[in-house]
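Colleague: Listed below, chain by chain, are the residues.
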Amino acid sequence: MNENLFTSFTTPVILGLPLVTLIVLFPSLLFPTSNRLVSNRFVTLQQWMLQLVSKQMMSIHNSKGQTWTLMLMSLILFIGSTNLLGLLPHSFTPTTQLSMNLGMAIPLWAGAVITGFRNKTKASLAHFLPQGTPTPLIPMLVIIETISLFIQPMALAVRLTANITAGHLLIHLIGGATLALMSISTTTALITFTILILLTILEFAVAMIQAYVFTLLVSLYLHDNT
Amino acid sequence: AASEKKLLEVKLGELPSWILMRDFTPSGIAGAFQRGYYRYYNKYVNVKKGSIAGLSMVLAAYVFLNYCRSYKELKHERLRKYH
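Taken in order, these protein sequences are the chains called A and B. If you read the first sequence in the numbering used here, its first letter stands for residue 1, the second for the next number, and so on. If you read the second sequence in the numbering used here, its first letter stands for residue 1, the second for the next number, and so on.
In short, the hints are calculated from the structure, not lab data. Just so you know, these numbers come straight off a predicted model, no measurement behind them. We put the CB at the ideal spot given by N, CA and C, even for glycine. Incorrect hints may have been included.
[Said to hold, decoys possible] Pair ranges (Cβ atoms, derived):
| no. | chain 1 | residue 1 | chain 2 | residue 2 | range |
| --- | --- | --- | --- | --- | --- |
| 1 | A | I114 | B | H83 | 52 to 62 Å |
| 2 | B | I52 | A | Q56 | 48 to 58 Å |
| 3 | A | I14 | B | L15 | 19 to 29 Å |
Please work from the sequences and hints to get the whole structure.
Modeller: See the structure below:
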């Protein structure tokens, strides 16, 4: 049981070849492009959704921040689609791997912070000291603000990893419990099954929310720095 | 000759020579994948009244391939007395 629980999180390798590359690239197949004005239903739906999300998310930025639209939209599409695909039975979710989430979080956060430091140096440095602090507290507060700045990429990556991994683990555990309880007491198995249904609904929501949160936070860091 | 016929028109005896005649260069394989993708896309998705079947067939194939990939670990979880 102990070994089985975590084997679903190992990176898929077939005959020593990294199958995980194909799995990471698979969601791109589900987003076809079309140059037509009136395309098929599938593409129209996706374009409508993308327009809705980009308007909602990029309206707070100035023109310099809006150059990041492509990056942030592809980010939310990627995280959302990989999370949702991971809810299919037996599939592998790349966002459960901390390595991948760190690879997404650190460059994006660093990009936002470094553009802030290059273009608006004084304003970026001023972020380290909230307004109206009493003078004796200043050194300690600067240290605290620096720590909270450097913890941002770690928090981004770990938040996504932990949420998705915990959800998958819960589904595995409660599903296994339902199966084991079936032969012991059917009523308890039914209750556990209801919990499983509710949990799956939650996981669908979490999949999309986590994508949104990740992208929103990156856009907030961007907003501070442009 | 057996060179340019489609697969369903090749006779069984000519099958080995037909397979050997296919283009196995990287660009040939990429072309095969591209043709297969557009065949599926234009038949099920890029139509006037596309339904959910176009997407769900792809997802079903994805689930099936993942099942095949993890069969080795899954066969230990069957409800049997002796594994």
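Colleague: Evaluate each hint against the coordinates.
Modeller: Comparing the hints with the structure gives:
1. In this structure the supplied range 52 to 62 Å holds for A/I114 paired with B/H83, their Cβ-Cβ distance being about 55 Å.
2. Our hint of 48 to 58 Å for B/I52 and A/Q56 is violated, since their Cβ atoms are close to 26 Å apart.
3. Between A/I14 and B/L15, the C-beta spacing of about 27 Å keeps the proposed range 19 to 29 Å intact.
Checked against the numbered hints above, the structure breaks only hint 2 and satisfies the rest.
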